[in-house]
Amino acid sequence: SAVISQKPSRDICQRGTSLTIQCQVDSQVTMMFWYRQQPGQSLTLIATANQGSEATYESGFVIDKFPISRPNLTFSTLTVSNMSPEDSSIYLCSVTGMGSYEQYFGPGTRLTVT
Amino acid sequence: QKEVEQDPGPLSVPEGAIVSLNCTYSNSAFQYFMWYRQYSRKGPELLMYTYSSGNKEDGRFTAQVDKSSKYISLFIRDSQPSDSATYLCAMRRMNYGGSQGNLIFGKGTKLSVKP
Chain Y
1 SAVISQKPSR DICQRGTSLT IQCQVDSQVT MMFWYRQQPG QSLTLIATAN
51 QGSEATYESG FVIDKFPISR PNLTFSTLTV SNMSPEDSSI YLCSVTGMGS
101 YEQYFGPGTR LTVT
Chain E
1 QKEVEQDPGP LSVPEGAIVS LNCTYSNSAF QYFMWYRQYS RKGPELLMYT
51 YSSGNKEDGR FTAQVDKSSK YISLFIRDSQ PSDSATYLCA MRRMNYGGSQ
101 GNLIFGKGTK LSVKP
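The listed protein sequences derive, respectively, from chains Y and E. The first sequence begins at 1 in the numbering used here and counts up one residue at a time. The second sequence begins at 1 in the numbering used here and counts up one residue at a time.
Since the hints were made in silico from the structure, they are not lab data. Yeah, the Cβ is synthetic: ideal placement off N, Cα and C, and Gly gets one too. Treat the hints with care, since some could be wrong.
[Claimed, not checked] Result set (DMTMM-like, lysine to aspartate or glutamate): computed pairs, CA atoms no more than 25 Å apart in a straight line:
(1) E:K107 - Y:E54
(2) E:K2 - Y:E54
(3) E:K110 - Y:D87
(4) E:K70 - Y:E102
(5) E:K2 - Y:D11
[What the hints assert, rightly or not] Covered by chain Y, per the in silico footprint, the following chain E stretches (three or more residues, Cβ under 8 Å):
(6) 31-38
(7) 43-49
(8) 105-114
Please model the complete structure; the sequences and the hints are all you need to start from.
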């Protein structure tokens with residue numbers, strides 16, 4: 001399985017600011033995803049990070065709010081822009097390995113917006 | 001109707017008990033089924049992965065898929081306090097990539113195993 005790290009592990013941010021979350025994998029992976037996990041809710045897919053092209057966003061999520069980069073096969077970033085308290089959540093990076101359908105998750109970034 | 005339904009619990013059992021965790025789903029196109037374990041303040045950890053119907057065993061864990069009933073289960077034998085966590089079921093349609101390949105999750109069942 002891939003080893004996934006995320007930075008920062010947690011942060012407290014003020015309303016109106018932006019935060020960039022980094023996801024680093026120890027090996028090349030096929031797919032990279034960003035999820036949100038809110039208390040009492042299912043994990044929700046925000047977008048699929050595509051290498052070298054624009055991310056594919058799920059319904060309800062837009063690029064202006066959650067810009068994503070994926071410059072190579074092992075690294076991606078998610079930015080939460082113009083934050084409001086409703087953005088307080090855990091953000092998770094997830095990957096599938098080369099030639100595998102198994103999907104793994106990073107440790108998450110716990111974001112609190114005040 | 002939600003695509004995936006999972007009883008959130010909490011479920012409390014004594015150490016050594018057999019635990020049964022379940023999910024139901026509505027979309028017959030789901031082919032790949034996963035169970036994740038999530039400890040407090042940690043990311044989900046992949047426990048079991050199965051394709052289509054049948055059983056899969058790994059140590060104390062057994063995953064079952066009944067596609068005719070759209071019902072999946074995870075059994076934990078000889079449960080331990082260290083099994084105390086939230087268990088998430090997840091499933092995916094057959095094709096991978098794009099909207100067809102996204103994992104759909106249940107809300108998770110919180111399990112507590114008492115010594």
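For each hint, the structure was consulted:
1. For the given pair, E:K107 sits about 29 Å from Y:E54 by alpha-carbon distance, which is inconsistent with the 25 Å threshold.
2. Between E:K2 and Y:E54 the CA atoms are separated by roughly 29 Å; this puts the pair beyond 25 Å, and the hint is violated.
3. Between E:K110 and Y:D87 the alpha-carbon distance is near 24 Å, which keeps this suggested pair within the 25 Å criterion.
4. A threshold of 25 Å between alpha carbons decides the hint, and for E:K70 with Y:E102 the separation of about 21 Å falls inside it, so the pair holds.
5. Proposed proximity of E:K2 and Y:D11 is contradicted: the alpha carbons are some 32 Å apart, above 25 Å.
6. Restraint check on the segment 31-38 of chain E versus chain Y: 3 residues with Cβ-Cβ distances below 8 Å, three needed, restraint holds.
7. With 5 residues bearing a CB less than 8 Å from a CB of chain Y, the segment 43-49 of chain E meets the requirement of three and the coverage assertion stands.
8. Figure legend: the segment 105-114 of chain E, annotated as covered by chain Y; annotation consistent (4 residues with Cβ-Cβ distances under 8 Å, at least 3 required).
Hint compliance for this structure: hints 1, 2, 5 are not met, and every other hint is.
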